[in-house]
Amino acid sequence: MKRIFFTSIFMMGCLVLKAQQRPNIILILSDDHAYQTIGAYGSTLMPTPGIDRIAKEGVLFKKAYVTNSICGPSRAVILTGKYSHKNGFRDNENSRFNGAQNSFIKELTRAGYLTAWIGKWHLETMPQGFSYWQIFPGQGSYYNPDFIMMDSSRKRFEGYSANVVEDEAEAWLNKRDTTKPFCLVIGQKNTHRTWFPDTCDLGRFDDKTFPLPANFYDNYNNRKAAAVQDMTIAKTMILDYDLKMYEGEIKIGTITRMNPAQRAKFDAYYQSIYKDFKKQNLTGKALTEWKYQRYMKDYLATAASLDRNIERTLNYLDKHGLAQNTIVIY
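Residue 0 is where the sequence shown starts when you use numbering that gives the first Met the number 0, and the numbers rise one by one after that.
Note that these hints are calculated values from the structure, not bench results.
Model, not experiment: these values are computed from the prediction.
Mixed in with the good hints, there may be bad ones.
Under the rule of at most 25 angstroms between Cα atoms (straight-line distance), these lysine-lysine pairs were calculated in the BS3-like manner [to be verified]:
(1) Lys85 - Lys105
(2) Lys277 - Lys179
(3) Lys207 - Lys223
(4) Lys223 - Lys284
(5) Lys174 - Lys105
(6) Lys234 - Lys174
(7) Lys207 - Lys278
(8) Lys284 - Lys274
(9) Lys207 - Lys105
(10) Lys61 - Lys154
(11) Lys81 - Lys105
(12) Lys62 - Lys81
(13) Lys207 - Lys234
(14) Lys174 - Lys154
(15) Lys274 - Lys234
(16) Lys234 - Lys223
(17) Lys179 - Lys105
(18) Lys234 - Lys154
(19) Lys55 - Lys318
(20) Lys278 - Lys234
(21) Lys264 - Lys278
(22) Lys264 - Lys284
(23) Lys284 - Lys207
(24) Lys154 - Lys207
(25) Lys274 - Lys174
(26) Lys264 - Lys234
Assemble the whole structure, with the sequences as input and the hints as a guide.
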């Protein structure tokens, strides 16, 4: 799955710091988050107050490039500063990260920083060089996620993944050694396919109709490489897997992880949409355009919890007097 990556840097407070005031660093990572949905980049699709604050009070990158945009490989590039063929993690299917190589985390640890990675890791091997880590196995789950802990045990946390990751990040900050600077990586799963919003965001965008992009019906004429990619709404967007349109019992992993209260809200919302969808008996362009509307509503609802928890991070820094000496990167 491709990962649309953008970066902003948020430096609150003085730029000139004494040696003993080395800045703290928080790096927030997400998956497949389109810049076209972010207010700071001119989007009006949804409110993004958390990310917009980073842009307003810091630096906004309008030209950012990555050497690998896929989930795991992009993280390996960020950690090592190397191209994928140099760090050895080329793809998600056949690669394992070599944690023995140097990373910016190891450099910070050697410099006396406390270092932590909490949330999505997706590098197949366990983290090395960190003061603390707590990671999802593989892609992780949107609901009631499991974490691999530093003692190799697995622990299930009840709740929606974006909230749980932020909770655990704040828990680590609360118990850290406050005499040392820190670097914390918050690895969010949102907005990775398949899109599962928090139950509180179900239906949040149902009153909107989204205009079709100008290239929605692009035939990719004379662009064979693009034409053969599995990336169209008509063919790629699967009714049950992506859009949660199903009848009877379903075995999609995320749904089976839900507790009864979560499942009740989920079923009540999507089954109502499914019943209406069946009555319409859509085909052709009408079906494709219906899929697009459902996709947009699920995607933006999934993105809503991402921004909400970024805002929580910034509010935590304000509340605990850390904002003046913390660099926040998204």
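Hints versus structure:
no.: 1; hint: Lys85 - Lys105; verdict: holds, 18 angstroms
no.: 2; hint: Lys277 - Lys179; verdict: violated, 59 angstroms
no.: 3; hint: Lys207 - Lys223; verdict: violated, 34 angstroms
no.: 4; hint: Lys223 - Lys284; verdict: holds, 23 angstroms
no.: 5; hint: Lys174 - Lys105; verdict: holds, 21 angstroms
no.: 6; hint: Lys234 - Lys174; verdict: violated, 49 angstroms
no.: 7; hint: Lys207 - Lys278; verdict: holds, 21 angstroms
no.: 8; hint: Lys284 - Lys274; verdict: holds, 20 angstroms
no.: 9; hint: Lys207 - Lys105; verdict: violated, 46 angstroms
no.: 10; hint: Lys61 - Lys154; verdict: violated, 39 angstroms
no.: 11; hint: Lys81 - Lys105; verdict: holds, 15 angstroms
no.: 12; hint: Lys62 - Lys81; verdict: holds, 20 angstroms
no.: 13; hint: Lys207 - Lys234; verdict: holds, 24 angstroms
no.: 14; hint: Lys174 - Lys154; verdict: holds, 19 angstroms
no.: 15; hint: Lys274 - Lys234; verdict: holds, 22 angstroms
no.: 16; hint: Lys234 - Lys223; verdict: holds, 17 angstroms
no.: 17; hint: Lys179 - Lys105; verdict: holds, 15 angstroms
no.: 18; hint: Lys234 - Lys154; verdict: violated, 37 angstroms
no.: 19; hint: Lys55 - Lys318; verdict: holds, 19 angstroms
no.: 20; hint: Lys278 - Lys234; verdict: holds, 22 angstroms
no.: 21; hint: Lys264 - Lys278; verdict: holds, 22 angstroms
no.: 22; hint: Lys264 - Lys284; verdict: violated, 31 angstroms
no.: 23; hint: Lys284 - Lys207; verdict: holds, 19 angstroms
no.: 24; hint: Lys154 - Lys207; verdict: violated, 39 angstroms
no.: 25; hint: Lys274 - Lys174; verdict: violated, 49 angstroms
no.: 26; hint: Lys264 - Lys234; verdict: violated, 29 angstroms
Comparing the model with each numbered hint stated earlier shows that hints 2, 3, 6, 9, 10, 18, 22, 24, 25, 26 do not hold.
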